[in-house]
Amino acid sequence: AQSVSQHNHHVILSEAASLELGCNYSYGGTVNLFWYVQYPGQHLQLLLKYFSGDPLVKGIKGFEAEFIKSKFSFNLRKPSVQWSDTAEYFCAVTTYGNNRLAFGKGNQVVVIP
Amino acid sequence: DAMVIQNPRYQVTQFGKPVTLSCSQTLNHNVMYWYQQKSSQAPKLLFHYYDKDFNNEADTPDNFQSRRPNTSFCFLDIRSPGLGDAAMYLCATSRGERTISTDTQYFGPGTRLTVL
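Residue numbers (the numbering used here), protein chains in the order written: chain P, -16 to 96; chain C, -7 to 108.
Don't read these hints as lab results, they were simulated from the structure. There is no bait here: all hints are sound.
Below are the BS3-like pairs computed for lysine-lysine, each with C-alpha atoms no more than 30 Å apart in a straight line:
| no. | chain 1 | residue 1 | chain 2 | residue 2 |
| --- | --- | --- | --- | --- |
| 1 | P | 32 | C | 30 |
| 2 | C | 36 | P | 41 |
| 3 | P | 41 | P | 54 |
| 4 | C | 44 | P | 32 |
| 5 | C | 36 | P | 44 |
| 6 | P | 88 | P | 44 |
Using the sequences and the hints, build the whole thing.
Spelled out as structure tokens, the structure:
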């Protein structure tokens, strides 16, 4: 079964700082990759996803992620964070033909004004 | 707005007392999922329905059951809750069309279950 690793569970940074969250998965076949975000008091929602084409994917609110197949990675980035980016971020994976989302443990990100 | 609704948002039950959590959707999606999320852990898929077809995960305890009486509603039944079943339970839906593995899943706000 596929597994997803996210490191640095707690991240604290100041507004305007750059953010990068790592995501690595363990599965040798075709994968589909997702980043979900959960703002305080809200439900999980899709930030961006990759399943084919350009490995650099742009999502909502200025986020982007890059799929690097050789590194089994799908890192999330934002060049300049805002206080409103305070949230928990989850990386998730499905494999080809399978709708089972395997989630990482999440990154709790706090942006200090 | 089309959405995924979970009731109740907070549920307290006693050890061993059956409890039912409900989920409804206005998205008319084919697939409905139930996840369990314990504190500081990743959401873990318990089972899902593709239309009327029930798909149980191999490691989901028998204590957990589900019903989907129609497209809009899905229920999670915990027959005899233990202390270890205290968690956030998330319902999600997806379209379930041709390329199901690339589907976006739409989540409800969750029900936080406390077991006394």
